[in-house]
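Given chain A, put chain B in place with the hints provided.
Number of protein chains: 2
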Amino acid sequence: MSAARTIDVSEVGLRDGLQIERTMIPAEQKIALIDTLSKTGLKKIEITGFAHPKVIPQLADAETVAAGIKREPGVRYAAFVPNARGAERAIKAGIDDLKAGVAVSDSFNRLNVRMTTEEGMKATDEIAAATKGTQSRLVGMIATAFGCPYEGEVSRDRMHRMMDQLLGHDAPIIYLADTTGVANPDRIRRTIEDLNKHFPDATLGLHLHNTRGLGIANALAGLDCGIRHFEGSIGGLGGCPFAPRAVGNICTEDFVHMAHEMGIDTGIDLDALIDAARMAQEMLGRTLPGMVMKSGKASELHAMDAQRVKVD
Amino acid sequence: MSAARTIDVSEVGLRDGLQIERTMIPAEQKIALIDTLSKTGLKKIEITGFAHPKVIPQLADAETVAAGIKREPGVRYAAFVPNARGAERAIKAGIDDLKAGVAVSDSFNRLNVRMTTEEGMKATDEIAAATKGTQSRLVGMIATAFGCPYEGEVSRDRMHRMMDQLLGHDAPIIYLADTTGVANPDRIRRTIEDLNKHFPDATLGLHLHNTRGLGIANALAGLDCGIRHFEGSIGGLGGCPFAPRAVGNICTEDFVHMAHEMGIDTGIDLDALIDAARMAQEMLGRTLPGMVMKSGKASELHAMDAQRVKVD
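Here the protein sequences line up with chains A and B, keeping their order.
According to UniProt numbering, the first sequence holds residues 1 to 312 in order.
According to UniProt numbering, the second sequence holds residues 1 to 312 in order.
One chain only, chain A, in its complex shape (with noise of 0.2 Å):
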């Protein structure tokens, strides 16, 4: 299989990322950003979860969060839900997509979400109720998805379970999440070939962490492997609370840099997501790992004399 000519990018960093930074973010703060990203022709955006309070304090204001965002048409506005009151809470809030996140490996989702795989899946078909009759939809999360650092590998008929289920309540998109960022650009196309010859009508998302420096490596195994469906955190935000010494997603404004380059059709007006990144830096208070807005695109000329430095 060939990479896709267009895809599309998901952008995450408001809940991925926020929900293990220190600093508590204003709602007001929060809002301006996520309005600034629906004006890049990002067409994903998650914006919150809804999680309990007490479990995710960065995430409380999820209500507010929703209710005060300029909804740009054609945007779809999504949020983590880990069980049927949050689904119930994220539908009242008008969210599009419910993201129903479980760990293939036992160990992970219960000290992610005190639940077993089982009792997750469980959990999984209690959001897809809640979703019946309403204008939202569920969309599908398999983390762990390329191993698990307290298990090691991760069972492959788990997997099939998992997508099975994900498949019978009409998931559009599948996003196989390495959770904590302990894939490599092979165990990537062993997983799709394997999902792939196994549900050909499933469309599969990757959802990556540059834990160990390959994300974009990753990205890009994915994309040969004709994955059209990615997530990232803009300026590379990000992580997982139970990861060990865990860093963010990929960094989305790097990974469209990557795909334009490689005249790949995102949709995104990059400049202005390396905007958004900017303004995210600044929000935070600290230097963020995303590369290109500090290098600048590599499409970009410069003026030789600008850059001339002392040599002697």
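Worth flagging that the hints you see were computed from the coordinates, not collected in a lab.
In this text the structure is predicted, and so the values were computed from the model without any measurement.
Mixed in with the good hints there might be a few duds.
[To be verified] Calculated pairs, DSSO-like style, for lysine-lysine (alpha carbon to alpha carbon, straight line, at most 30 Å):
id, chain 1, residue 1, chain 2, residue 2
1, B, Lys-297, A, Lys-294
2, B, Lys-294, A, Lys-294
3, A, Lys-297, B, Lys-294
[What the hints assert, rightly or not] So the derived label-pair ranges between C-beta atoms look like this:
id, chain 1, residue 1, chain 2, residue 2, range
4, B, Arg-114, A, Thr-287, 29 to 37 Å
5, A, Thr-287, B, Glu-300, 22 to 30 Å
6, A, Arg-189, B, Asp-35, 32 to 40 Å
7, B, Glu-28, A, Asp-157, 56 to 64 Å
8, A, Arg-190, B, Arg-71, 40 to 48 Å
9, A, Ala-4, B, Ala-67, 50 to 58 Å
10, A, Val-55, B, Asp-194, 50 to 58 Å
11, A, Ala-67, B, Thr-6, 52 to 60 Å
12, A, Lys-197, B, Glu-300, 24 to 32 Å
13, B, Pro-200, A, Ser-155, 39 to 47 Å
14, A, Glu-153, B, Ala-129, 52 to 60 Å
15, B, Thr-6, A, His-52, 47 to 55 Å
16, B, Thr-23, A, Glu-118, 53 to 61 Å
[As the list claims (entries may be wrong)] Coverage of chain A stretches by chain B, computed from C-beta distances (three or more under 8 Å per stretch; other residues unrestricted):
id, segment
17, 181 to 189
18, 201 to 215
19, 284 to 293
We put the beta carbon where it would ideally sit given N, CA and C, even for glycine.
The following block gives chain B in isolation, referenced to the frame of chain A:
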């Protein structure tokens, strides 16, 4: 062409890295780091450069470094040489591999070494002549092989002429350098395909920078094209003084980690290499960009209790 199962990694941090660091590292510290690297299984280590000391003061101790290291049998010690004078010094110092680098882009080459590409190629002829009848050999470097920050696309004809020249001098490896980090996986593939077609007997290598976060993805594209020779800097240190807002080479241990995770043999003891990266970090007194030295290897399993985070 499919990925090689055995690759050859060359460490260039002591030259490409240190030449732009503001910190002047004493020769004995460089020697200690090189001696540590010599025991990691690396077969190629670029230890210094023989430019005029006024041009690159950080490498003014080239002779002292070359004389001070303990040479490990089977390891080739390399150095960058800009001209005949540098070649004579390097040969006298017992350097195995003389790296002669010329940029395809005239603008870049003039800024970098104050010679046009044509003059640089003449210098390469002189370096090659100097190695005749010695134990030293010429290794080729084509800089700005994937684009120039001042000129944009580089001429393929010019690159072919440089290949012809280097092959005429029996260069055993010709490294294609993405000097300022403007490459993308597609351009890497197209360039390698073109050179493989026109120069089927050449042995190509990749010297990549991570300026825009694509270094490891570009290396993956090279691996996929069957490239077997790669350069990197431990910890990701390094860069280029004339590259606009330059950052370092790809991080050697992060790249080796990826290769090992993909089942590709490098002959390198990754744990020993990570220790060397930590040593480089201490030597420079600042956090280097390498990721695996912070996160640990993907294959390392973690105890669940050690990672428990309070969530309520």
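- Hints the structure violates: just list their numbers, smallest first. Nothing - there is no hint that the structure violates, so all of them hold.
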